[in-house]
Amino acid sequence: MTTTIDPPERRETAVDKLRNGREAISERWHHAPRWVRWVLLVAVIAFFYALPNKEFYQYLGPIPTPGANFTQVMFTVSIYVLLAVGLNIVVGFAGLLDLGYFGFFAVGAYTVAVLTSPSSDIKTLWPWLLVVPIAIALTMVSGVMLGTPTLRLRGDYLALVTLGFAEMIRIAAVSSEFLKGQRGFNQIPHPPGQYADGRPVFGVLDARPYYWLVLTLIILVVIGVRNLTHSRVGRAWISIREDEDAAQLMGVPTFKFKLWAFASGAAIAGLAGALFAGKQNFVNSQNFELLNSIIILAAVIFGGSGNIVGAIVGGGLVAYMIERFRGIELFGVELYEYRFLFFGLVLVVMMIFRPQGLIPNRRRAAEFKDRRKEVIVGE
Amino acid sequence: MSDTEQTPAVPAQAPAPAVETVDQREPLLEVDHVTLRFGGVVALNDVDFTLYKGEILGLIGPNGAGKTTCFNAMTGIYQPTEGQIRFRGEKISGKKRHQITRMGMARTFQNIRLFPEMTALENVQVGADAHHKTSVISALLRLPRHWKEEREGREKAERLLEFVGIRSRMHEFARNLSYGEQRRLEIARALATDPVLLCLDEPAAGFNPAEKEELLQLIRQIRDTGVTVLLIEHDMRLVMGVTDRIVVLEFGKKIAEGLPAEVRDNPKVIAAYLGVPDDAA
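Each protein sequence line maps, in turn, to chains A and B. Residue numbering for the first sequence follows the numbering used here, beginning at 1 and increasing consecutively. Residue numbering for the second sequence follows the numbering used here, beginning at 1001 and increasing consecutively.
It should be emphasised that the hints constitute simulated quantities derived from the structure, not laboratory data. A portion of the hints provided could be inaccurate.
Stated by the list, open to error - In silico lysine-lysine, PhoX-like type, Cα no more than 20 Å apart, as pairs:
no.	chain 1	residue 1	chain 2	residue 2
1	A	Lys256	B	Lys1133
2	B	Lys1253	B	Lys1268
3	B	Lys1156	B	Lys1133
4	B	Lys1156	A	Lys256
5	B	Lys1133	B	Lys1096
6	B	Lys1268	A	Lys256
7	B	Lys1148	B	Lys1133
8	B	Lys1096	B	Lys1053
So that you can see chain A by itself, here it is in the shape it has in the complex (with noise of 0.2 Å):
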């Protein structure tokens, strides 16, 4: 038992003001009308949905892409958003390291290539839509065969079976015949639907669709995950992640909602498989490199694991930002050769300033504000 007591009154300095403003906005949401927070909610998704529209975002000055087409951009970043939206299951909640993620991901994606595609084996050529849910299935399947061995682990070594695991699914993604490594699958279908003109609405030239079908499906996922978190599950995977030996003495069937834990993430990560595949109408070997699973990791921890919107604002971000340097030059260098030098510093920066995340959770902002009292005790 540490005591912690308030801290003596000091100036606040510059970096107090930053550390505080965050608080100060989540407190002043947290109280505010159920009405303002509707209208400021049904704001913010009517801006993203206006988002990739060239007529609305040529005002918005430095936010669009300069290297890349803004709307394609938006895309990826959309689908990092649903990713990161899934791991923070896994990690922010349960309190399980994963570390190949990106690894169902990929089970999702080629799920889809091999049953759709005219150059798979087994030519099923079956339609986009049908696929889908074979895809969801066949992922949380492949989480649940992961997680029946490994979830009896605990803490390192959950982190690097799982890290084996997404090695596995790619180097079978490039060495396996049928999986046809570097030469990929082609001609996956697009997502079906006409606009009265007979022009399909999932075309090639236009992402808008894909991006406001991604968004579409983040809303309703990030309903769904709510009301997880909001129950006995949810309850169930946060005193797991708090204390695993007091959780099972308290009736918790741990295993099990571990295992849930696994499936509900990889679910989501073969849905953004999926969608991924249905959009850009091809898929090899090279889409699924182990940096993505640290990327996506990163983000949820930079945004605040535990918590749904830091999941969402860090997926957002880190996947901008990333693309964000594509096409500025600085003394005649791309600086997008130098972008994870950038996203490491900023990391760096993240940690030394706000280690509990952009957005994290109201409890663990309550156990990092407890910490620095305890530290100022200390001095």
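Chain A is fixed; fit chain B onto it per the hints.
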């Protein structure tokens, strides 16, 4: 991931009369010649005693006597090397920990182990969830079962927080509660699992005499609701004041068993406690 584990048929906790006499001697927990070895170390050596329904049994002994080890064997954390432990007539070994909890055994910890980043209320709700069945599907789709169990759990949690006297602190994070409040919260969380047997592992550690007196009251109240209590304790005075019977361990062996007064005068016990029968803190 099917809901395979079914709740064993635990009869809804009978509101047993407070003064269910020990004479009836209905065994609840039988520690049957249990030996527990860790490599060459014999932590428990042929320990044998029975806990009867409705009593408060004290398990005492000097430091390192094997009290907590015995406790852990009883709650299914350690498997006995020899002998067996039966709870309500069923063998404990081979059962999963959460199943044992659902059979009606709950415990607190010597070093407090709450869920620090959950509120007091949520901590108790986790305990109440032990008998709930809502899983991913019902929670995801907000089926009626979810709402029903959520309401039940919440009401029960508030009631129990009221019972242990920290209801006003229910929205506080467990980590922010005072030491005494945390100990009380642990008891409330354990009670939320609807135990038939409540095992308290040194619940008075770090308490001052006034707090200890309050705790004694609380333990008696718990017994009066029909819950059998197993109390591991260091403080002899506390044990003498509240228990119906006492089992004394030393170096992993049972050296005495009986009524508090008998145990106090037992020369072996006096010797074990270095000739000080009453190590009154």
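Structure-based check of all given hints:
no.: 1; hint: A:Lys256 / B:Lys1133; verdict: 12 Å, holds
no.: 2; hint: B:Lys1253 / B:Lys1268; verdict: 12 Å, holds
no.: 3; hint: B:Lys1156 / B:Lys1133; verdict: 16 Å, holds
no.: 4; hint: B:Lys1156 / A:Lys256; verdict: 25 Å, violated
no.: 5; hint: B:Lys1133 / B:Lys1096; verdict: 17 Å, holds
no.: 6; hint: B:Lys1268 / A:Lys256; verdict: 48 Å, violated
no.: 7; hint: B:Lys1148 / B:Lys1133; verdict: 11 Å, holds
no.: 8; hint: B:Lys1096 / B:Lys1053; verdict: 23 Å, violated
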